[in-house]
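Enquirer: Kindly generate the complete structure, drawing on both the sequences and the hints.
Taken in order, these protein sequences are the chains called A and B. Sequential numbering from 1 applies to the first sequence in the working numbering. Sequential numbering from 1001 applies to the second sequence in the working numbering.
Simulated from the structure, these hints should not be mistaken for lab results. The C-beta atom is built at its ideal place from N, Cα and C for all residues, glycine as well. Do not take every clue at face value.
[Said to hold, decoys possible] Sample of chain B residues lacking proximity to chain A, with all beta carbon distances greater than 10 Å (derived):
id	residue
1	D1007
2	V1211
3	L1241
4	N1391
[Unchecked claim] Think about it this way: if two alpha-carbon atoms lie no more than 30 Å apart in a straight line, the pair counts; the simulated DSBU-like pairs of lysine-lysine are:
id	chain 1	residue 1	chain 2	residue 2
5	B	K1193	B	K1232
6	B	K1395	A	K264
7	B	K1308	A	K13
8	B	K1395	B	K1083
9	B	K1232	B	K1180
10	A	K267	B	K1220
11	B	K1284	A	K354
12	A	K264	B	K1238
13	B	K1030	B	K1110
[Said to hold, decoys possible] Footprint (simulated), chain A over chain B, 3 or more residues, beta carbon under 8 Å:
id	stretch
14	1137–1151
15	1256–1264
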Amino acid sequence: MDFDLTEEQSILKDSLDRLLADKYGFEDRNRYAKAAEGWSGEMWQHFAEMGLMALPFAEEDGGIGGGPVETMIVMESLGKALALEPYFATVVLGGGFLRLGGSPAQKADLVPQVAEGALKLAFAHQERNARFDLAHVETSATKDGDGYVLNGAKSVVTHGDCADKLFVTARLSGDSRDETGVGVFLVDAGADGLTRRGYPTQDGLRAAEITLDNVKVGADALFGKPGKGMTLVRAVVDQAIAALSAESLGVMSAMHELTVDYMKVRKQFGLPIGAFQALQHKAVDMFVALEQARSITMFATMMADSANADERARAVHAAKAEIGRGGRLVGENAIQIHGGVGMTMEYAVGHYFKRMTMIDVAFGNADHHLRALAGAGGLFEEKAA
Amino acid sequence: MDLRFTDDEIAFRDGVRAFLRENLPEEIRKRLVDGEYMVKDDLVRWSRILNEKGWAVPHWPAEYGGTGWDPMRQYIYLEETQKFPAPQPLAFGVNMVGPVIYTFGNDEQKKTFLPRIANLDDWWCQGFSEPGAGSDLASLKTRAVRDGDHYIVNGQKTWTTLAQYADWIFCLVRTDPDAKKQEGISFLLIDMKTPGIEVRPIVTIDGGREVNEVFFTDVKVPAENLVGQENKGWDYAKFLLGNERTNIARIGISKQRVARIRELAAKEMSGGRPLIEDERFREKLASIEIELKALELTQLRVVAADAKRGNTGKPDPASSILKIKGSEIQQATTHLLMEVMGPYALPYRAENGEGWNEPPDGPDYAAFAAPGYFNNRKVSIYGGSNEIQKNIIAKAVLGL
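Expert: Structure (structure tokens):
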């Protein structure tokens, strides 16, 4: 058992952290957020030059051959910087579909474009009535010659406004909540019949509402097996949740650090507020939640590419539930301990809190995953393989 | 990063499991599964089986009977024995006074006491807490006055666990009343048969007789029973209390209890179906499991870090949360186990665990559920209450 990073992984972490320390301070972030697309094209290029876009792809596909641990490293650092760029949408989600569902031809075409930062992707899946039910897909795909016609609407698609291509889920058969009958299609953002309305989200990122009105795609737009799309979606989303957990670690540790530092300098009644036991205990509760989150994220990360879908899902449920409640505890206490200044937009801690809160909503909140884990038999029940 | 056990470690684990299956008497195991109070003879019997095998004191240096296992193997062994479950060694000897003696004691003390601890020939208890010194341990008042070749000890200890069985007690005593409070304390080994010692039971809210008051009236203790130097006892006590980071979270015990909850909740009915199918109940269980899994990995992070730096350096900051979170989980699991029993948590037999042979009032697994819950309220109090732990973390880890 080894909890340490390899030398290559340490180098990756150090160089990314150096870049972010240099170019991604809180003021920089505020500036990047004001750009038309809501993030920094310059930083995007830096990430590409560092190899972050190529990181998770196999070397034979034009990638660097990193795995879930490398993604964890990157996401934690991006979380600590509150990075705005569409890395999660493009590389983690979109890249996930390419890696796990792409044919050799699809990979050969698309991976190099993603790797050099030239292609941005998003996952258009969420629907108005689905809430956290991943299999709830009403958008339809109808066979049309060799290809398909897509009709429907997708909600709150993270970075859907800037993506060049969208992975769209659509139903080929069955009822709207059936596990089978779903296909995953890669659609050009500029396709006829596709419209999108972008907007900012609470955490300073961007999302879009997307409608598909008789959008025609070719047979080569299909990823994975027709009708078996949910198997692919679940595999990608499980890995994405592990990555979000890692981002949360960055967010939580930043909030904890800001708070403890503030407790040492802010004086009331002639003493630093860190001298008050009531606040010390809150800060320790935050520390405990952070360390527990770190441990469960490591667990989910190690399980993220497990071939055993049941074990993988249970680990991910556990992580998302723990991150959700731990993140809320850390965030709410960070605001409380900061007092009035924590309430202001001009101070960083509130922005971390907002990001943390939105992560809980993404791909199922803490309650959703707790229920799912309980329904699956918990974490320690050993099921026959 | 690789969170899997190596093949060697898995083989080791399987070896431990096989040993437990073949050597632990079933009636001892059953009493543990049912959550009964520890029976002295069970522990003595099991300790001798372990000592015969050479596993009684795995973490001790090899020259005193240790196995030479690395920290990961020690952890695996511990967890397997807790999950099985097998009796846990008497901590006061094996984990507390033993390491103090081999680290600070003289050759004579090592030769006399260590083999007897390993074989549980001597039952040790701990004389630290006093009526006026709980979490503020250093304010203790029991006096030891040097008189020729002896110390004369007067005072009172309390919360002395299993003192009713004890052959020896290791005590913190004040030898210099004029020094600052941490500096006038010495570490004395006292034979419980010495005249002037009286043990009175304290019955705790679970009905159990685990703890006692121990009174010392002009107790004559040979000066050779002083460990290390006079007035340096506080250092040895700190060593003793800080020595234990492998077992403080009690992961294996909580895992065993979680498995027990799942098993019994499948038998108990609620609303016409097994309790385990009740959403609210199983979410509570899953919630505990998540915390437990996270803490297990936190524990393993600490063990792996100890293994890497040879257990000599500063502990991983994460180790400080083991006591807090571990105790919270133990309390949550004992509460949920009691909940499983429903109304049959109610019957109370004070004689239970002390030779009670009548049929149980409810299911035979229900009798110790409520006592287990009540008893486990102690785990966030002893060894420095959780609030004290938070003070320590605030200072030592967060720098507040």
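Enquirer: Work down the list of hints and note, for each, if the structure agrees.
Expert: Results of checking the hints against the structure:
The beta carbon of D1007 of chain B is kept farther than 10 Å from every beta carbon of chain A, the shortest such distance being approximately 12 Å. With a cut of 10 Å on Cβ distances, V1211 of chain B stays outside the contact zone with chain A, its closest approach being about 27 Å. A cut-off of 10 Å between C-beta atoms confirms that L1241 of chain B is not in contact with chain A; the least separation is 19 Å. With a least beta-carbon separation of about 7 Å from chain A, N1391 of chain B fails to lie farther than 10 Å from that chain, contradicting its non-interface assignment.
Between the alpha carbons of K1193 of chain B and K1232 of chain B the distance comes to roughly 26 Å, so the proposed pair stays at or under 30 Å and holds. Between K1395 of chain B and K264 of chain A, the direct Cα distance comes to roughly 12 Å. Compliance with the 30 Å bound is thereby established for this hinted pair. In summary, the hint linking K1308 of chain B to K13 of chain A is supported, as the alpha carbons are separated by about 21 Å, within the 30 Å threshold. With a C-alpha separation of about 35 Å, the suggested pair K1395 of chain B and K1083 of chain B falls outside the 30 Å cut-off, and the hint is violated.
Taken as a hint, the K1232 of chain B and K1180 of chain B pair is honoured in the structure, with Cα atoms around 12 Å apart against an allowance of 30 Å. Pair hint K267 of chain A plus K1220 of chain B does not hold up; C-alpha atoms about 54 Å apart against a cutoff of 30 Å. With a CA separation close to 28 Å, the supplied pair K1284 of chain B and K354 of chain A stays within the 30 Å bound. Simply put, K264 of chain A and K1238 of chain B have alpha-carbon atoms about 28 Å apart, close enough for the 30 Å limit, and the pair holds.
Only pairs whose Cα atoms come within 30 Å are accepted, and K1030 of chain B paired with K1110 of chain B is rejected, the gap being roughly 36 Å. Counting residues of the stretch 1137–1151 of chain B whose beta-carbon sits less than 8 Å from any beta-carbon of chain A gives 0, not enough to reach three: the coverage restraint is violated. Under the rule that three or more residues need a Cβ within less than 8 Å of chain A, the assignment of the stretch 1256–1264 of chain B holds, with 3 such residues.
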